[in-house]
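Residues per chain are reported as follows:
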Amino acid sequence: MNNESAPGIPSATALPRYQPETGGLAVAVRGLWKKFGDKEAVAGIDLEIAAGSLAGLVGPNGAGKTTSLSMMTGLLRPDGGQVLVNGLDVWADPPAAKAIMGVVPAEVRLFERLSGEELLEYSGRLRGLLAAEARSRAAQLLDVLDLTEDANRLVADYSTGMRKKAALGCALIHNPSMLFLDEPLEGVDPVSADVIRRLLTRFVASGSTVLFSSHVMELVEQVCDHVSIIDKGKIVVSGTTDQVRGGKTLQRAFIDLVGPRAHDEEVLSWLGSSSS
Amino acid sequence: MARLLVQLKLRLLLNALHSSRAAKVSFIISTIFAVLLAVGTFLALASYRGKSTSVDLTAVVFTVFAFGWLIAPIMVFGVDSTLDPSTLALYPFRTRELITGLLAASATGAWPLANVIGLLGVTVGLASGALGLIVAVIAVGLQVLFCIALSRFVTTSLASLLRSRRGRDLAAFMIIPLVALYEFFTQVVPRAAAEGKITAASFTGFGSWMRWLPPGLAAHAIQDASDGRPGLAFARLGALAAVIVVFGWLWVRALSRALVTTDTTTQAARVRGAKLPLAGLGLRGTVAARFWLYQRRDPTSLVYWALIAVITAAVSASSLLGHNRHPAVILASAVFGAAFVGIFHANSAGLTGPPFFLEATALSRSRDLRAYFSGQNLALCVIGAPLVVAVCFGLAAAAGRPGFGIEAGPIVLAGLGAALGLSNLFSAVLPYPMAKRAGTPMLVAAQGYGAYRIGSVLGTLAGTAVAATPVIIGVVQTATDSDTIRIGVMWPCAAAYGFALALAGVRLAAAAAASKMPELCQVAVRSAMT
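Line order of the protein sequences matches chains X and B.
Start counting the first sequence at 1; every next residue gets the next number (my numbering).
Start counting the second sequence at 1; every next residue gets the next number (my numbering).
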């Protein structure tokens, strides 16, 4: 791929792929901590993700997944801790770290008044690609993401699945070595989900790294080789998918670790066709 | 069913008192305004007693109320959940009972009550005798019923459209005539009335055509009854009732259709020329291209430009309309017009909203941010400079002194540079999240950030005025010189001065923003989108 920069454009994508110096870690988080008022959203997490892995970060609602990912991607300033992405300190040199990562946030809000093609091209140009290269990559990504037919429709008119795919295109257009995705398949139809899943698998197979958060245990179990479970702002367990499962399904292991909700079925005695 | 929906409406209203402080304050302010409307309208209508034009004035007031009922629900659609039939579509209601319920829910609340109380001012101002009073009460009831039926028919017919992007765009555009009307009533009408150009007699002509409109029928029925023509009075009330029945029937039809019609948001339009223009011109050109497309496609941006034109004109309007014209006030228009280009575009992250994360993940270095701010300024200047200059020339022509247009031009150019530089600076140092509020489709400062907004507005306005002062002095000093000097020297000098000011603003803003991108990003993420 052509990573040459135009004059006046940040040459982020022209940077050579960073080769981790210590232990082949793509992400190394040490004591990451964030407090909102009295609430401790992230309580000093440590996390290590090996380069070339597809890692999942799972946890119940309000566990601190989005806050953690926002701090790892340089979008939310932490109260403490350190984040290294491919050896680059995200908070010591944000531009350098941002240049090698792609981000898809949970609530995908894109530039609604741009067409899909304009959006991807804009994203590529912001990342320092030449206009022709940005257009070419945008067209290829739209094709792979099955958005070519809707390329010149406004993003405002896209469905949730189309927005997620467009956001993924924006995150990939500069060929990052590290991809962060927050709930990438939330509200996405099975066909679009399959497209995204295949693209992520292909991306990782090329040696890049993906860290994504999700509620869908089956998906995480199916595609991830590394899983971390976060609850109440702390990493409860982290390791390979098999280690975390411990011979059970990931769903079961997750519920055992995080704790099930209180059973209150007995109060719903009227519910069901056999009742009046 | 009607009782259930009335209870729902009351519950929604009462919940406002138990929710956030912002909602509580908003509810209390809304109620105070409703009381003021009731009292003010009652007194205004009562004051028409004995005037020869009282029936025409009453008809005007009735028509204004009907117009308000037509516009307000379109503006607040999506906020009052009882207005959207789709929220009730899942329940097993028959159309007839749904109509009755929605009608009752519409008539519930402080504002409908304020309408009834206010309009009952006709019992003092227009009605006389027992029959007149009875007809007045009936006419007010029918008038409010007509307003509700009209409003419900329109909102139900537009329901699927108003849920769509195009509908929200339409609602945003309705701000423009409302602001223009506000400026007309605050700037033009008081002056015209003070000079005797608008008197009660000015409304006489309205009677000839307004008497046949539903609000006019109600007003004239009261007068007919008061003048001893009960037959004609009841015939008018009958005609009004027939109109209400027709709107009710149309409403039933629209509601039946709305409950089973697909959402128009699925019918998306395509854009021409999907390639990003100017993208070959580096990062500055790329950002300018994005802003340029948004100025064309985003209704909020178009509304801002229309408001800038209205404000620029309004600043001079009151001084240009009277006998003692002051064409020099056009120079003030030039300063205000330029300042408002900056005011409306300060707080870049908040205005961009959550999509700003895309820019925040790519731009962090001061150099990149300089390109970002200057690209934004480029797009705004290409539209703002000709727009404000053209309005100033228009004002000068209206004043009969076209030369003032030539004098206003340099002030616009210098002011615009200052305003854009200041808007960049405020975007970087005083960012705040934007929120959606009931009553307006435009974004406003989120709760608790009003002071930020006021600070950036006043700061940009004052800064622009101060920065433009040397050019104003220069313009005044060269007022008697030839056009060659004024155009050939003043315009380029002012443009260069404005450019330098904008450049200084860009550099300072970029340096400030580079160290606080995460904070800017959080402001953007917390902002709503239009």
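Any given hint could turn out to be false.
List of simulated lysine-lysine pairs, DSSO-like, C-alpha gap at most 27 Å [unchecked claim]: (1) X/Lys-39 / X/Lys-248; (2) X/Lys-35 / B/Lys-51; (3) B/Lys-24 / X/Lys-39; (4) B/Lys-24 / B/Lys-436; (5) X/Lys-232 / X/Lys-248; (6) B/Lys-516 / B/Lys-436; (7) B/Lys-51 / X/Lys-39.
Okay, the calculated beta carbon distance ranges per label pair [to be verified]: (8) X/Gly-259 / B/Leu-36: 32 to 42 Å; (9) X/Arg-202 / B/Gly-448: 28 to 38 Å; (10) B/Ile-29 / X/Asp-79: 49 to 59 Å.
In silico negatives: residues of chain X with every beta carbon more than 12 Å from chain B [stated by the list, open to error]: (11) Pro-78; (12) Met-101; (13) Ala-151; (14) Asp-225.
Hints in this document: simulated from the structure, not taken from any laboratory.
Beta carbons are placed, not taken as given, at the ideal position from N, Cα and C, and that holds for glycine.
List, from low to high, the hint numbers that the structure doesn't satisfy.
1, 2, 7, 8, 9, 10, 11, 12 and 13
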